[in-house]
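**Q** Each chain is listed here by its residues.
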Amino acid sequence: MSNVTTKTGAQILWECIEREGVETIFGYPGGAILPAYDALKHSKLHHILVRHEQGATHMADGFARASGKVGVAVATSGPGATNMVTGIATAMLDSIPIVCITGQVGSKLIGSDAFQETDITGITLPITKHNYLVTHASEVARTVREAFYVARSGRPGPVLIDITKDAQQSSCEFDYEAAKPQLPGYRPDLSPSAPEYAKALELIKNSKRPVILLGHGAIISNAMREVCEFAEKSGIPVAPTLLGLGAFPASHPLNLGMMGMHGEAWVNQTIQDSDLLIALGMRFDDRVTGNLKNYAVNAKKIHVEIDPAEINKNVKVDVALVGDLREVLHELLPRIQSGDHSEWLDSIDRARGDSAVRDIQNLPDNGHLYAAHVINDLWRETRAQDTIVVTDVGQHQMWEAQYYKHEQPRSLITSGGLGTMGFALPAAIGAKVARPEAEVWVVVGDGGFQMTMAELATIVQENLKINIAIINNGFLGMVRQWQEFFYDRNYAATPLLNPDFAKLAEAYGIRSMTVSQRSDVVPAVRAAREHDGPVLINFHVEQEDTVYPMVAAGSALHEMIRRPSPIVETAADD
Amino acid sequence: MLNTFVVYVENKPGVLTRVASLFRRRAFNIDSLTVGRTEKPEVSRMTVTVDADQDAARRIEANLYKLVNVLLVENITEEPAIVRDLAMIKVASTDETRSKVLELAQVFRARVVDVSPESLTIEITGTEDKIDGLLEVLRPYGVLEMVRTGIVAMRRGSKSAVVDCAPSALAQLTDDSNVSYSV
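Chains P and L, in that order, give the protein sequences.
Going by the working numbering, the first sequence opens with residue 1, and the numbers climb by one from there.
Going by the working numbering, the second sequence opens with residue 1, and the numbers climb by one from there.
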């Protein structure tokens, strides 16, 4: 038994995390996690000091989204742990593998309302895939191994490990190999049966107007090539969800563009007209279905999904193939017949001219700066490089999805399910750490930026080359848009009095620029890219611009609010 | 429609909370939930009854399986099963009414487990219907207090669920892929 050594719980914690392949962790120290921080001196892990624990969770999340690996966030008990809640819920809703380590008061003090005690395993029960309370050093190794395995397998998700101070401090015998996961009830690997495959193939064969709905699952299961083969072999067009952007190249002729609340009007119409929806790794979220009562009523539905609890949750389907998307496609591909859907594709193409997304793209430069211009110019300038765009939540997020054409998976990082404002800046830090060679752009509104802007200090402290584009319209824009449409333009609590963001950046030692003319966008973007440190550009854009088209809550998917001004027909994108 | 689930879980702290929290979180209404030990010390067994249609019942099953500590879920609603509830009913009784109450208890094969000058306590085991029946006839005498355990259920015949709770290695876990969900 030469592998057995005696170590403290804190030492075991870091060693087990290192053995999972982790090199960087994001955290914030405090009383109940101090023994673990002290033990970092024995570890090769690089610890990034954040400015708020929510930031740590979003960084771990951004790290995971950019790399596909498990991100790690660390915090102390009580307020440190509760500050993580938003980031954990964000990761849960988007199926992101992160492991959160929290300190806890000594095991003898649990339940006594001790200083900085909070029941974080109770609090995070519904927003974690699984969580643990560890009260003995001897449980640390197995728990960490289980946590990483649970976080990244099956449908990924956040796992929290709450470790009492005494479990960190006390010593025990440590044998990594012996501390194997014990998860007798955990079944992450399901696969469909032969009759289910046969039913799916039959539906595909008989369909005249099929559409592939492509979700985040394609990226999680690394099924991009299989999806592409499937679409090309069958000749079926593809409509991605927000989180599916990049899973199928935007420039691919079969890529219709994004579906949903702010998707292309004709993509939504195509879905409504379809006779077969093939949902690949997406969960029929209400933002992509509109009113369920009249959602694709004439379409049969095939649902390829790893989580059986998603089947028939929102939309009743005809065939469910429960399993890993990549493996399911491997089964299907050889049995797919080459399809000719040219009639169907032609009819979609005729609707394509009616593109709301392109309607302001090539407008003459009339002195107004539109967010869409900024994003479209940014795309033109950065598309040749390995670029990751990290967005926040709101209007700018939708404009990014419409005007930045993503060719590669993991090139867009955005909070979809929870819609967490304040996500972008910290998530971008995680993304840059995960892929230092990639160019990272934060696209963020003036509202969301102020929720987590304290992490500017983290960027400077870690000397990270991150470019920040604030789409500054002086409003909580998406909320204002809802007020414009549905609350009689009563702009209650949406105008923002902002600081001078350029000066703010300077205070952190970050180079900054302010842009309010279309002609200055490209030079600013170029200057930012050439500068070898972080840069913040404050784009003063049109204040009351609106994201079109839009499916109002409760409306059918094809009933979209369109831009009222005459649509300017433009040449196809280059 | 009332669905009856038998749920085998790891006998660990907090597992009952996880199961109960799942039903609350997904807005499924628990009609009754019992939990107790099984023939294996590392496994606890729950009987949960929930009002749900067929689709919802399937989703409940799938959601239960998402809990890492859940070992096996059986929906025995449509299967022949022994279903039992236990109640203790404290009934007001005087010298005049005592014999009548005792007679009723006997008809229902219930046992008297406590007697006082003003009351009788009756223990009855059976289906929920049977207990409801006894309760109905006792009401006129004055039911002072009642407690019911909620139902426990077991499939009839020799067929028993095989609950594998042996500590499994990672390799064995990933090989387990013969579970499928048809629609």
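Calculated directly from the structure, the hints in this document are not laboratory data.
Just so you know, even glycine gets a beta-carbon here, dropped at the ideal spot from N, CA and C.
Careful: at least some of the hints might be erroneous.
Cβ pair distances, simulated, as ranges [unchecked claim]:
1. L:Asp-132 / P:Leu-333: 51 to 61 Å
2. L:Ser-158 / P:His-252: 54 to 64 Å
3. P:Glu-343 / L:Ala-27: 37 to 47 Å
**Q** Could you tell me whether the CB distance from L:Ser-158 to P:His-252 stays inside 54 to 64 Å?
**A** holds, 58 Å
**Q** Is the gap between the beta carbons of L:Asp-132 and P:Leu-333 within 51 to 61 Å?
**A** About 58 Å separates the Cβ atoms of L:Asp-132 and P:Leu-333, which means 51 to 61 Å holds.
**Q** Check the following: the C-beta atoms of P:Glu-343 and L:Ala-27 are separated by a distance inside 37 to 47 Å.
**A** holds, 44 Å
Going down the numbered hints, you'll see the structure goes against none, and every one checks out.
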